[in-house]
Amino acid sequence: MMTSLGSGIAIGYLIFVVLGLIISIAILWSTRAGRRDGGQGVDLEKAERAEPWWGVFVVGLLAILLGLTIWQAPWFTENDDPKDVQVKVTGIQFGFLVQPTQVKVGQDVEFAVTSKDVNHAMALYNPKGQMIMNVQAIPDYTISRSYRFTEPGTYEIRCLEFCGYQHHKMIYPAFQVTA
Amino acid sequence: MSTTIPPIAAGAPEALPYDDARMPLPLVQARTRRFVLRVIWSSTAFLVVSGVLGLLLRLRQGQVIELGDNFWYAVMTAHGLGAFIAWAGFFLMGITFWVLMKVGFPVRSFVLPELMYWSMMAGVVGIVLTTLLSGFGGSWVFLYPLPFFSAGQWSNTVTGIFAGSVLLAGVSILAYCAAVLQTCISPALQARKDTLGQRVGLTFGFGLLFPSRFKTDRGRVPYPVLPFAVNAVDMFLATLPFAALLVLNIVQSVNNGFSINVLLAGNMLWAFGHPVVYLLLFPAAATYYYLVPRYAGRDLVAGKAVAVAWLIALTMNLFVWAHHLYMNYPDGENVQQTLGTIMQPTTYALVLPSALSLFSIAATIYKSNFQWNVASKFLIAGIISWLVAGLQGIINATAAFQETLHNTLWIVGHFHNMAFLNMGLLIFGAMYAFLPELMGRGWWNERLGSIHLWGTIVGAYGWVTCQMIQGLEGAPRRWAVLPDQYLTLTHVSLGFLALLVAAQLVFAYNLWTTLRRSPFDDPTASFAGGTQR
Ligand code: HEM
Ligand SMILES: [Cu+2]
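Protein chains in written order, with the numbering used here: chain A, 1 to 179; chain B, 1 to 533.
Please note: incorrect hints may appear among the correct ones.
Said to hold, decoys possible - Taking lysine to aspartate or glutamate pairs in the EDC-like style, the calculated list, with each CA pair at most 20 Å apart, reads:
no.	chain 1	residue 1	chain 2	residue 2
1	B	193	B	217
2	A	169	B	66
3	B	304	A	156
4	A	128	B	217
5	A	128	B	484
6	A	116	B	484
7	B	304	A	43
8	A	169	B	473
9	A	46	B	299
10	A	116	B	331
11	A	169	B	69
12	A	128	A	156
13	B	304	A	45
14	A	169	B	484
Stated by the list, open to error - Using C-beta positions, here's what the derived DEER-type ranges look like:
no.	chain 1	residue 1	chain 2	residue 2	range
15	A	63	B	371	35 to 43 Å
16	B	498	A	105	41 to 49 Å
17	B	59	A	66	38 to 46 Å
18	B	151	A	140	15 to 23 Å
19	B	498	A	37	39 to 47 Å
20	A	140	B	509	53 to 61 Å
21	B	212	A	52	17 to 25 Å
22	A	52	B	481	47 to 55 Å
23	B	342	A	82	26 to 34 Å
Claimed, not checked - Covered by chain A, per the in silico footprint, the following chain B stretches (three or more residues, Cβ under 8 Å):
no.	segment
24	35-44
25	147-154
26	157-166
27	478-490
28	506-514
Calculated from the structure, these hints are not laboratory results.
Each residue gets a CB set at the ideal place from its N, CA and C atoms; glycine is no exception.
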């Protein structure tokens, strides 16, 4: 099952794909007219003059997307305020050291993620199997990322950065969130 | 022997006589033909191998077959490098010289192209041996320091040999870049004032931007030159830090006391790892620029805007690498975070070359008397995939979405959509378009070509769509065995893959029969390859 952000991405993407396909089909269809008049019935200079405006339009759309999203980059959404609990997650081929292993719903939890050997990543899956966090575990560095749990249950941590031949077995199955 | 190059397209400038004669033009043509055919056959062989490996990967993920854990990752490493570099990259590197010749830029010396060919071949042999035989399974990006933490699966010596083999592929790319620049920045430009500055300016589109300052007797420089030349400069520059990283890996494989900073290594990797995607996309763009006008029967509709777009590509391409490191924002490492903030807009800027190219191509096709055949249909399908996969690219470039997408199968679906359904379909289109003129004989059966087309489109879109959905549902990338929640979609994708494979078998049969049976309609070309040497 997708998270809400995942479904949002899917829907936004599909809208543009459908638009793009409609335009593509219209252009391909127009070659039927071209066949009748030998391709003479169109002002190519005009198309060439329109091209910079298409460029401006695309830049405009991208500028809007940039303005809406850049503030949501993970390094901007994370703040330095003190949190209720810190959970230390250390990746090591091929498992996670998690300390403490239990938190409460409603607490501000800060995960401090690092690694002892190669790059790993802490991906947290909720009881429904949705991925709700994805934090790199980099040797010699720590990344802090906060989360407030709303649902109790057993969460699973999976490694999401390729770390060797047991990568797919690098799972911490029982991170507990209690009510 | 025929001395004229076949005409390009109605309205396009005639190809030039070769005026930098170290070799007479007919000889250059014949050698280019043989060289390009050699690259086409070699890279197609690599496609067969990598395709089979890819299939094994997916079959194991669907729990249809058993593969040892480390072997799966070794196969994944070989498949990634094999499909991306040794098939798609190598093929496009090869046909570059054919397209350039057709637009009046014949190869000036075969030293660099031959170096490109042989060092790629040697590199691929090394990669195949170290992965499939010696078990190197660090993935195609072998993110440092993983090559030195094999958990007992391969030795440091194997890492060293693997890095050396990849370095050989890097040398091949460097030789290619130098060869392209040597071919483009040449007398064939027919610069009115023949200075180096004028030649460089003309090569990079200044003749379109400042027509009174940069003049050529050709009227204007053909558009395909732009992406080829831009890619050559960028890949040359981008390969250098990567080569340095490979050398450092080799040093560490000999002297285990040596090591490098992990973040720095990541940056060095991606300073190359991003542009290398354009080692495929830009030559593909150039080939579209060349082939679409041929079938539309008119010149590419382009002008100043396209010249600006390629200057943006030339510069920005080298300043976007950190979008692969969005998720590396360690506490207190402001430099990496700032790089991420800067490189989201620079990455967006790189949308322009694609957006404007698509506009130009669309305008060229619009209401044209378009010639529909297997080759042109493959091109159209590739172009539409360029749009579709490009939209995914914009999503990926957005840091805020990365926590949902990074290292999931969405990414795998995206790059297969781009690599197989854009560049790959272009490559097939180019085979349908160029092999007849390269071999001097037509395709055996057009109908089989159509089956190949539709089988490939339906099979490949079905498969990549499954991967993208799985990714949005959080399915991890690079997992030999996926959690059970994803099994159904993996099985669905295997059905589509069966169709894809069947379509390639039809293609193989058609190619085989063409080589054995098709009559030579251009006897002058028969010496260039094929069976009647
Ligand atoms: C014949 C059809 C193909 C199949 C069935 C296939 C299948 C796969 C699979 C299952 C993976 C592993 C995905 C994962 O779980 O991370 C993979 C990875 C990859 N594939 Fe393909 N693939 C095919 C064609 C291609 C092509 C044409 C290209 C490039 C031109 C390509 C490039 C790659 C790359 C770069 C990787 C990543 C390797 C890594 O992560 O180290 N593949 N492919
Ligand atoms: Cu790991």
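Structure-based check of all given hints:
1. About 10 Å separates the Cα atoms of residue 193 of chain B and residue 217 of chain B, which keeps this hinted pair within 20 Å; it holds.
2. This hinted pair checks out: residue 169 of chain A and residue 66 of chain B have alpha carbons roughly 16 Å apart, not beyond 20 Å.
3. At most 20 Å may separate the alpha-carbon atoms for a hinted pair to count; residue 304 of chain B and residue 156 of chain A exceed this at roughly 54 Å.
4. Using a Cα cut-off of 20 Å, the hinted pair residue 128 of chain A and residue 217 of chain B is violated, with the two alpha carbons roughly 68 Å apart.
5. Distance check on the hinted pair: residue 128 of chain A and residue 484 of chain B sit about 13 Å apart at the alpha-carbon level, within 20 Å; holds.
6. Between residue 116 of chain A and residue 484 of chain B the CA atoms are separated by roughly 29 Å; this puts the pair beyond 20 Å, and the hint is violated.
7. For the given pair, residue 304 of chain B sits about 17 Å from residue 43 of chain A by alpha-carbon distance, which is consistent with the 20 Å threshold.
8. As the CA atoms of residue 169 of chain A and residue 473 of chain B are separated by approximately 19 Å, the hinted pair is consistent with the 20 Å bound.
9. For the hint linking residue 46 of chain A to residue 299 of chain B, the alpha-carbon distance of about 14 Å falls within 20 Å, and the restraint holds.
10. With a CA separation close to 17 Å, the supplied pair residue 116 of chain A and residue 331 of chain B stays within the 20 Å bound.
11. Among the hinted pairs, residue 169 of chain A with residue 69 of chain B is consistent with the structure: their alpha-carbon atoms are about 10 Å apart, no more than 20 Å.
12. Straight-line distance between C-alpha atoms of residue 128 of chain A and residue 156 of chain A comes to about 10 Å, which keeps the hinted pair within the 20 Å bound.
13. About 12 Å separates the Cα atoms of residue 304 of chain B and residue 45 of chain A, which keeps this hinted pair within 20 Å; it holds.
14. Distance check on the hinted pair: residue 169 of chain A and residue 484 of chain B sit about 13 Å apart at the alpha-carbon level, within 20 Å; holds.
15. Residue 63 of chain A and residue 371 of chain B have their C-beta atoms about 39 Å apart, which keeps the hinted 35 to 43 Å range intact.
16. Taking 41 to 49 Å as the suggested C-beta distance range, the pair residue 498 of chain B and residue 105 of chain A conforms, at roughly 46 Å.
17. In this structure the supplied range 38 to 46 Å holds for residue 59 of chain B paired with residue 66 of chain A, their Cβ-Cβ distance being about 41 Å.
18. Between residue 151 of chain B and residue 140 of chain A the C-beta distance comes to about 19 Å, which sits within the given range of 15 to 23 Å.
19. Take residue 498 of chain B and residue 37 of chain A: their Cβ atoms lie about 44 Å apart, and the range 39 to 47 Å holds.
20. Checked against the given bound of 53 to 61 Å, the beta carbons of residue 140 of chain A and residue 509 of chain B, roughly 55 Å apart, stay inside it.
21. The beta-carbon spacing between residue 212 of chain B and residue 52 of chain A, approximately 20 Å, falls within the hinted interval of 17 to 25 Å.
22. Taking 47 to 55 Å as the suggested C-beta distance range, the pair residue 52 of chain A and residue 481 of chain B conforms, at roughly 51 Å.
23. Separation of residue 342 of chain B from residue 82 of chain A is about 30 Å and conforms to the stated range, judged on CB atoms against 26 to 34 Å.
24. Beta-carbon proximity to chain A at under 8 Å applies to 0 residues in the segment 35-44 of chain B; the threshold of 3 is not reached and the given coverage is violated.
25. Counting residues of the segment 147-154 of chain B whose beta carbon lies closer than 8 Å to any beta carbon of chain A gives 4, which reaches the threshold of three, so the coverage claim holds.
26. For a cut-off of 8 Å, the count of residues in the segment 157-166 of chain B with a CB near a CB of chain A stands at 0, and the three-residue condition is violated.
27. Here's how the segment 478-490 of chain B fares: 7 of its residues keep a CB closer than 8 Å to some CB of chain A, so the rule of at least three is met and the hint holds.
28. Three residues within the 8 Å Cβ limit are the bar, and the segment 506-514 of chain B against chain A gives 0, so the coverage statement is violated.
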